[in-house]
Amino acid sequence: MASVARRETALGREDERELVEAARRGDRDAAEMLLETHELLVFRTCGRLLPPGEDVEAAVQETLLRALKNLGRFTGQGSFAGWLAAIAVNLCRDRLRRKRLVSFLPLEVRDEDGRNPLAAVPSAEPNPERVAMARQAVNRLHREVSRLPRRQQEVFALRFFAELDLGDIATALGVDVGTVKTHLHRAVQRVRVAVEEARP
Amino acid sequence: MSIPHLNDDELNLAVLGEDLPPEAAEHLAVCLDCRRRRDAFLNLVQEARGADPDAAARARVRERALAAWGATSSRHWVRWLAAAAAVIVLSLLPLLRDRAPAPQIINADAVMIEVDQMLERDPLSAVAAEEIVDTVVPVSAESGERSVS
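So the sequences go chain by chain: A and B. Numbering-wise, my numbering comes out as the position in the first sequence, counting from 1, plus 4. Numbering-wise, my numbering comes out as the position in the second sequence, counting from 1, plus 572.
Chain B on its own, in the form it takes in the complex:
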């Protein structure tokens, strides 16, 4: 009893190089017609694939891609360099700040003592220049003190 020709599914499997059911595989091994159908399609596909680009075309495209990549890579380097410089500057900022002259710390108590002493010596010196005070409030000859009344 002869095994029937491959059906569509089996022929597709044969075209794709996949495993066939044992009976179909057995049939394909001996059936010239089925092998011809499979090979005809594969040959047609091979023909339809066409000629590959020649070596020159391939090299040209490859070189262009590499050149463009190199250009972007170097631009990336510049960016990285700039970023690194920024990081370094930012990390050095606190150190630079430390080197700036320290602000003077005013001793408020000492100032207040000085002000008190000054007012004790001459209470009006805090409100007006000496010539004006002399004009408005003449100095008494005896006491040598200014009157505020």
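Only chain A is shown next, with the shape it has when bound in the complex:
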């Protein structure tokens, strides 16, 4: 699965490095292009790792700002996407720690908050029963993800929601690819089986 960044633009590693260099020197256009390329992954990461009620836009903004301020620390060894995701994950962890929240994505609140992913389901769906079933399935998936250990939640969100590849996830979480794979397999096993069991 291609990463968000790579799907959105054909920004190569070399171009990316040049943009980072230019942004470091204070080039606003370069900074804007960097953000535009990668902001969606930050939205998706923060949107999935933060609990309902948290201001996702504010978190995304803070993540982007931290990235711009710390461009000098980006070594270029990993991808910019992975580095940016690391900032987003750390920011979400900080916020969760501050709120002393153990889990995220309680779906009841999510529905009230208007952030239910099924809001995107077309209202003209011919079969309301199918819509209800689909909603239940999505709710079940979110609930199962929220029950995973923290590290598995992060890996699952970065892989399936932010669409990062394994290398970028490893960079983001500061672990090796093997560890990412292990967490990912465990997470998929648990969530998939639970969702399948709930299916009528």
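The hints are simulated quantities; they were obtained by calculation from the structure and are not laboratory data. Treat the hints with caution; some may be incorrect.
Stated by the list, open to error - From the derived model, a few chain B residues whose C-beta atoms are all more than 12 Å from chain A: (1) 603; (2) 609; (3) 616; (4) 654; (5) 663; (6) 678; (7) 691.
As the list claims (entries may be wrong) - Which stretches of chain A does chain B cover? Using the computed rule of at least three CB atoms under 8 Å from a CB of chain B, they are: (8) 28-36; (9) 68-75; (10) 84-90; (11) 140-150; (12) 185-192.
What the hints assert, rightly or not - Over the 12 Å line for every Cβ pair with chain B, so calculated as not near, a few chain A residues: (13) 18; (14) 22; (15) 58; (16) 102.
For each residue, glycine too, the CB sits at the ideal point set by N, CA and C.
Chain A is fixed; fit chain B onto it per the hints.
Frame of chain A; chain B shown alone:
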């Protein structure tokens, strides 16, 4: 002989798009049930991902971040400017010090010669004003010299 359906591990690999053992890959290629299980999970995840923020929301957040960054950058410029000014002033200090009037160097030998000459002419001038000395020790008319005894 039919190949059995994918087990949990193999199905997880299929969901993650990783390489399957050859037999499992062969089975997946022809088994509608196994493909359905894989696709059902992937579709569910896709649905759960939800709608992405619209362009307006993305632009708004991006602009705010850039504006905040610009503000900090300009504050950094002011700091750098102040630091540069301080460095320049400090580096110029020795030059400014060189331009200050040089301290007078006293030639001690010359002073001592002058003092000796003065005492030779009038030994008491070093201890008291002339009027006081005249009062206490009257000047002898003949010699025109003061007596110290």
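Among the hints numbered above, which are violated by the structure, and what are their numbers in rising order? Numbers 2, 3 and 10 - these are the hints that the structure violates, sorted from lowest upward.
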